[in-house]
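Protein chains: 2
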Amino acid sequence: MIVSALLTSVGINSGLCILFFTLYSTLRRQPPNFHVYAPRLLAEKRIKESGYFHLERLLPSPGWIRRAWELSEDDLLSISGLDAVVFMRIIIFSLRVFAFAGIIGVFVLLPVNCSGNQLAEFNIANISSDSLDIFTISNVNDGSKRLWIHFCAVYLVTAFVCYLLYYEYNYVSSKRIAYFFSSKPQPHQFTLLISGIPVPPGGSVSETVDSFFTEYHPSTYLSHVVVRSTNKLRRLINDANKLYRRLMHLQAEPTWAKTKRDGFLGLSGRKIDLVDHYEKKLEDIEENLRTEREASLAGDEMRAAFVFFKSRYGAAVASHVQQSENPTYWITEQAPEPHDVYWPFFHSSFFRRWISEVVVVVVCILLTVLFLIPVVIVQGLTNLNQLETLFPFLKSILSLTIVSEIVTGYLPSLILQLFLKLVPPVMVFLSSIQGHVSHSRIQKSACIKFLWFTIWNIFFANVLSGSILNQLALFLDLKNIPSKLAVAVPAQASFFIAYVVTSGWTSTSSELFRIIPFIGSLLQKCCCCCNVKNTTDEFEVPPIPYHVDVPRLIFFGLLGITYFFLAPLILPFLLIYFCLAYIIFRNQFLNVYEPKFESAGRFWPIVHNSMIFSLVLMHVLAIGIFTLKELALASTLIVPLPILTLLFNEYCQKRFLPNFIGYAAESLIKKDREDINNPSMTEFFGELVTTYRPPALSPQQFSNRDSHNAPLLTHSDA
Amino acid sequence: MIVSALLTSVGINSGLCILFFTLYSTLRRQPPNFHVYAPRLLAEKRIKESGYFHLERLLPSPGWIRRAWELSEDDLLSISGLDAVVFMRIIIFSLRVFAFAGIIGVFVLLPVNCSGNQLAEFNIANISSDSLDIFTISNVNDGSKRLWIHFCAVYLVTAFVCYLLYYEYNYVSSKRIAYFFSSKPQPHQFTLLISGIPVPPGGSVSETVDSFFTEYHPSTYLSHVVVRSTNKLRRLINDANKLYRRLMHLQAEPTWAKTKRDGFLGLSGRKIDLVDHYEKKLEDIEENLRTEREASLAGDEMRAAFVFFKSRYGAAVASHVQQSENPTYWITEQAPEPHDVYWPFFHSSFFRRWISEVVVVVVCILLTVLFLIPVVIVQGLTNLNQLETLFPFLKSILSLTIVSEIVTGYLPSLILQLFLKLVPPVMVFLSSIQGHVSHSRIQKSACIKFLWFTIWNIFFANVLSGSILNQLALFLDLKNIPSKLAVAVPAQASFFIAYVVTSGWTSTSSELFRIIPFIGSLLQKCCCCCNVKNTTDEFEVPPIPYHVDVPRLIFFGLLGITYFFLAPLILPFLLIYFCLAYIIFRNQFLNVYEPKFESAGRFWPIVHNSMIFSLVLMHVLAIGIFTLKELALASTLIVPLPILTLLFNEYCQKRFLPNFIGYAAESLIKKDREDINNPSMTEFFGELVTTYRPPALSPQQFSNRDSHNAPLLTHSDA
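Here the protein sequences come in this chain order: A and B.
Residue numbering for the first sequence follows the working numbering, starting at 1 and increasing by one per position.
Residue numbering for the second sequence follows the working numbering, starting at 1 and increasing by one per position.
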C-alpha cells in the first residue's frame, strides 16, 4: 500500500466518523429517536418520548461527550454494574499500553526504520518511493546494529505490559471483592445448582435431595426446588404469544379485514369474526396451559435441583467439597442469578452434557478453521462473468464501469462482513447447547469462541496465504513457525493499518450511531404507523453484547502488540481507536445499555490470557525477524522473554485466578456475619424458594376481552 | 538380529534366572542371610537369625513360590498396605493385557507376518534367511489385504486395554474408599498443613493461626502446632551421631588404640584416653542440643503450621475452600502421615516454592533430554586405543582377544547401566527440593520423573538415531512424526525383544536374589566380624522403591503395547517377565519390604495415564506404518482411535480422579459419625498435638557411660 492510499482511507473514514458523530449529536435529541439512542433513560422514565419541537434540537450538541467524559468509575459501577467497569478497564489498559508503545514506536523506532535503505538498496520491484513499507522494520538494513533498538523496545514494552497486566488483574480482583462486600444478600449467593442426582428406584428427586442434604449438611441446608421439565409448557406459551400478537395486529386493522368466510379458500361459507375466532383459540391454549402447568408442578421432575443454604459459606463449602463417592453424581455448582438461568439445559445427564461439550468444541474448531472456505466460494460467485451467466438481465448494468468496480471491489468484502456478522449468534447458539446453565456463562463461552475465531480468521488467515491445509501445516511444523511468520506478518502491515482505520474507527462510530436499530426504527415508523403503541409496549432496553465487543477490543490489542515494533505506524491509529471507544462506550453505558446480569468481571482472565498470547506471538515474531535480519544474537537473546512471560502468567493465575472462580472463606464468613443482625434476612430466606422458578411456570394471561389495548402487565414472556 | 543370537541371549538369561532362583532357594534358608532375604520377618521376630545348622537347609526348596502364589489380596493388604496391592494390580493388569494381545499376536499376526515375502522379494542386502525381521510387520507385502488383520488387531487390543483400564481404575478407586472406611482414626486425616501464614508485624505465628481458625472455623478447629526451624538442631544431631558411631567403633577396638598423644601428629604430648575424650565431646554436644532444643521450642517459628480439626470433614472443608482473599496466603493442604513428613522443606515461602518447582522442572527436562551426551562421551573413553593411551600398562592385557572383546562389548553397556542406576536417586533429590511436604509425595514425583526419563532415554533415544537436536527436531515437526516413527520403531524390534530378556528377566530375578544387599552383607561379614552386634542394632527393614519399580513395569507395558502388532514375538517374553515379577514381588512383600507410609494407591493415575500414552503412541505408529505399507484407507481409519482413546481418558479422569485427590463429603461424614461413639477418640485427640513433632525435637541420648554396649532405646535418629 502506498502512503496516498492510506491517506485516502483515513480521509474517508474520518469523514464517516465525523458524519456519524454529527448525525448522532443531532438525532439523539429528537424525541422519536429516544428509544434508539437513550432506551435506558426512557425505560427509567428520566426522559419522555413525546415532547414539543424545538429548533435548537436540530443543532448538534457535543454535551454528551462532556457527560461521558466526566462519568466517574463509581457512577459507572452504580448504573451499569461491575461488568461495565471491567469492560472500560480493557480500554483504559489498552490506552496506557499503546500510549507507552506509541511514544517508543513513533519517536524512536519510526525514525530508525526510515533511516534504513534496505528496500531502496535491493531495489525490490514493487516498492515505489512512497510505499508504507519504508516505515516498517523491513527497511532496516540486514545485520544493522540499529536493530538492537528494536530489541530493547521489545523487552521494554513486554515489561511494561506485564506490569500493567499485574496491576489491572490486582485492581479488578480487588474490585470484585469490594463488590461482593457491598452487595445486598442475593439469592444466587445462597444457592447451589445440583445435577446428576441419583434417584433410587421408586423414590422421587425431591425426597432424595431432601434426605441427602439433611443427612450431610444438616446445619446449613435450608430447602430446595426441583427443576421440572417445562418444554411442553414453553411450546404452548410460544403458540399463545404468536396468537396474541396476531390478535393485536387484527385489532388495529380496519373492520372489513376482521371477518373471513370459513369455506373453500375463504371465499365461500358463512362469515366468521376473526377476532372472536382467535380469542377462542387463545382461550383454549390458555386452558391447556393451566392444566399443563398444574401437571408440571406435580410431575416431570428433572434430575437437577436448586438447593438453598442458610449461609453463603455453607453453600460454598457444599460446592467445593466433592459430595458423592461417584464424582458424576451430586455435581454441585454455584447457581446463577435467578433471571440469568438458562432453563432449557436441564435435560442432560453428566455423560450427555460432557459429550455435547466435546462435540461443540469440535464443531467450533472446524467452524473457525474452515470458515473461509464457503466464504471464498460465495465470493467467487460475485465475479462479473458468473453474475452475467446467472442473471443475464444484469448484463447492461454490469457493463457500466462504476457498477462493475463496485461489484468487484466491494461485494466480496461485503459478503465477508455479512458472514462475519453471523458468527457471534452462531457462537452463542453453540455455547448454549454446550450445557451451560446461565446466559452469562453462555456469553462468556461465546466470547472466548469468537475471540479465537477472530484471531484465526482475521489475523492468521490474512497473514498466511495459501490453502487452509497449508496454513494448518505451518502450525504442525513448530520449528519453522518463527521464520515463516517473520516473512508473512510484516508483509501485511499496511493491510492491518488500513483495517484499524476502516473496521476499527467506523465500527466504533457506528456503534455510537447504532445504524441497524436506527434503520429498524425508521422502517417501523414508515410501515406500521398504526402499531406504534404496540411497539412501545414491547420496547426493551438492550444489554451490551460483551461477546462481540470484548473480542474486538482484544483483537485490536493483539494487532497493536504484534505490530508495534514491526510497523510502529499502526500505533497512532490504534490510539485514536481506543480514545473513540473510551468516550463512545461510556456514553452507551449511560444512555443505551442496561445490564441483564452481573458476572462481576469474570471475563477479565480472558483479557489477561489473550494479552499474554499476544506478547508471546510478538516474541515469536521477533525471534523470526531477527534471524531473518541476520542478527542471530538478538534472536537468541529474545528466547528467554516468552519463557519469562509465561512464568509471569503462571504466577498471575496462581495469585489472582482463584478470586475469579469463587470467594474466599474469609470474605464469605465476614459477609454472613454482617447479615446475622439484619432483620430482613428472615423475609429474604422466605422468598428464596420462589425465586428459582422457571418463567414458564408463572401464571400469564393472554385473552382478556376487557382490556385489549391496555398494556398486559401479566404478559412477561414476549 | 538373527534368530540364533536371540536364542543365545534367551539361553544365557534363562540360565542366569535359574541360577538366581536356585541360589535364592538355598541361601534364604541360611540364618546368616535372614537379614538380606527376610529382614521383615526378622524385624517382626517371626524368625531368629541364630539357629542350628541343618543339612537339609542346603537343599534348594521351592516352598516360597507356593507361599507367594497362595497369598491372597486381603493378606497382602494387611501386611503391606494398599500401595502394595495397587502395585500388584499393575502386574495383574499387564498380565491380562499381554495374555490377550499375546494370543492375537502369536496365533494370528505372527503367521500372517511370516507368510509375507516383502523382505525376500526385495532381497534387501542385510537380511539373512533366519533374521528376526521376518516375524515383524515389515515382512508383510506392501498394500497387502492381510494388513487389515493388523488393523483389526489394533482396534481390538485398544478396546480391550481401555476396558481393563476402566475396570482397574474402578477397582482401585473402590479399594481406596474401602480402605478409608476400614482405617482406624489416623492423625493425618484430622490435620491440615498450612503454609504462607501472613504474620502481622509484632505478632507471632502461633497467635495468628489461633485467631484465624477460631475466627473462621470455630466449630471444627481443635489446636495447632507451629513448625519450627530445626536446621541447627539437625546439624548438631548429625554431629552427635557421627561421634557416637566413632565411639562405638573405638569400644570394639583393642585397648592400645584407645589412647593417643595430644601433641604434634599424635606422637608427642601426654597420653589421653580417646574414649573419655570423645565422651566428653559427646556430652558437650548433648548439652548444646538441650539448650538448642529449648530455644527451638520457644522461638524460630516458620510461617507454617499443622492445624488439627475435630473431624475429618472439618479438615477437608478447610482444605478445599480458599481461605484468604489473597490465594498465596493461608495455603492449605492435607497433612501427610506424621512419620512421612519431610521436615527440611518448611523454609520456603509460596513464591520460593513456586520458583524452585519451575527450576526443578527445567532441570529435569534438561537432564532427561541431554542425559545421553555425557554417557556417550564417557563410553567413548572406553575404546581400546584411548584406554591404551591413558593407561599404557594395560597394553599387554588389552591385546588378548577375550579382554578386548569384553572391553568393547560390555564396558559401554556397563557404563550406561551405572549411569542409569544413578538416575533414581537424582530424581528423588530433585523432587525433594521441589517443595513437596512428604516423602511419599517426593517418591510419587520422582516416579513420574523417572518414568519419562526411561521412556525418553530407552525408548526414543534408541528408536531415533542421530544427534539429540535431530531427535528433538522430530517432535517439533508434528506432521512427520508418524512416518518417521514408522520407519524407526520396527527397525529396533529385535533390540527391544533382547532388552526384555536381558534387562527385564535378569533385573527381576536379581531383585529376588538382592545381589547388592547380599554382596554388602558378605563384605560386612568379612571385614568387620567384630561389629556384628552393632550392625544388628542398626539393621533396618527396607521399603520398596516404588519410584524405581513402577516406572520399570510401566515401561515394559509401553514396549508391549507399541510393539504388539509390529513384532508380536515380543509378547511371550513379556508375559514371562510379568509372571516372574508377579511371583517375585509377592514374595518380596512377604519377606523383605515393609511399607514406611501409605499413599493408598495414589500412584494409580500415573499408571493409567502412561497406558493411555502407550496406546496413543501405538496408534501414531499404526498410522505411520499403514501409510508406509501403502494402505492409506487403514491409515485414515485409525485416526479416530487416538481421539476416542483420549476422550475415554478424559471421561475416566472425570469419573475417578477426584477420588485419588481427596475423599467425598459422604465418606468423610459417615466415617466421622462412626467415631462419635468411640470412647478412645478423646485420648486420640489428646495425643494428636504431639504427633507432628520434628524428630529433631524429641529427646535423644547419646552419651551413656553405664550401657555402651546395650542397644540405646532412645537413639532414634541413626
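Wrong hints could be hidden among the right ones.
In silico DSS-like links for lysine-lysine, alpha-carbon gap of 27 Å or less [claimed, not checked]: (1) A:Lys-45 <-> A:Lys-654; (2) B:Lys-421 <-> B:Lys-525; (3) B:Lys-242 <-> B:Lys-232; (4) A:Lys-281 <-> A:Lys-242; (5) A:Lys-654 <-> B:Lys-242; (6) B:Lys-45 <-> B:Lys-184; (7) A:Lys-670 <-> B:Lys-232; (8) B:Lys-175 <-> B:Lys-479; (9) B:Lys-525 <-> B:Lys-184; (10) B:Lys-654 <-> B:Lys-671; (11) A:Lys-479 <-> B:Lys-479; (12) B:Lys-310 <-> A:Lys-671; (13) A:Lys-484 <-> A:Lys-184; (14) B:Lys-596 <-> A:Lys-484; (15) B:Lys-484 <-> A:Lys-484; (16) B:Lys-280 <-> B:Lys-242; (17) A:Lys-310 <-> B:Lys-671; (18) A:Lys-310 <-> A:Lys-175; (19) B:Lys-242 <-> B:Lys-670; (20) A:Lys-525 <-> A:Lys-242; (21) A:Lys-421 <-> A:Lys-310; (22) B:Lys-175 <-> B:Lys-484; (23) A:Lys-670 <-> A:Lys-184; (24) B:Lys-596 <-> A:Lys-479; (25) A:Lys-184 <-> A:Lys-232; (26) A:Lys-184 <-> A:Lys-596; (27) B:Lys-654 <-> B:Lys-242; (28) B:Lys-670 <-> A:Lys-310; (29) A:Lys-310 <-> B:Lys-310; (30) A:Lys-280 <-> A:Lys-421.
Simulated from the structure, these hints should not be mistaken for laboratory data.
Next pair to validate is B:Lys-525 with B:Lys-184; report whether the Cα-Cα distance is within 27 Å. Violated, at about 42 Å.
| request: For the pair supplied as a hint, A:Lys-184 and A:Lys-596, confirm whether the alpha-carbon distance does not exceed 27 Å. | output: Holds, at roughly 17 Å.
_Pair hint B:Lys-596 and A:Lys-479, alpha-carbon separation not exceeding 27 Å_ = 47 Å, violated
Would the pair B:Lys-596 and A:Lys-484 pass a check requiring their Cα atoms to be no farther apart than 27 Å? Distance of about 55 Å is beyond 27 Å: violated.
| query | If you draw a straight line from the CA of A:Lys-310 to the CA of B:Lys-310, is it 27 Å or shorter? | reply | 22 Å, holds
So if I understand the rule, the pair passes when the alpha-carbon distance is 27 Å or less; does A:Lys-184 with A:Lys-232 pass? 36 Å, violated
Does B:Lys-232 sit within 27 Å of A:Lys-670, going by the straight-line distance between their CA atoms? 41 Å, violated
**OP:** Below or equal to 27 Å on CA atoms is what counts here, so check A:Lys-654 against B:Lys-242.
**Re:** Roughly 44 Å between the alpha carbons, so the hint for A:Lys-654 and B:Lys-242 is violated.
Query raised in the report: Hey, B:Lys-242 versus B:Lys-232, does the alpha-carbon distance stay inside 27 Å?
Result: 16 Å, holds
Satisfaction of hint between A:Lys-310 and A:Lys-421, Cα-Cα up to 27 Å: 46 Å, violated
Practice item. Mind checking the alpha carbons of B:Lys-175 and B:Lys-484 for me, to see if they're no more than 27 Å apart? Key: Answer violated: B:Lys-175 to B:Lys-484 is near 42 Å, above 27 Å.
Practice item. Could you grab the alpha-carbon distance between B:Lys-484 and A:Lys-484 and see if it respects the 27 Å cut-off? Key: Holds: B:Lys-484 and A:Lys-484 sit about 23 Å apart, inside 27 Å.
When held up to the earlier numbered hints, the structure conflicts with 1, 5, 7, 8, 9, 13, 14, 19, 21, 22, 24, 25, 27, 30 and fits the remainder.
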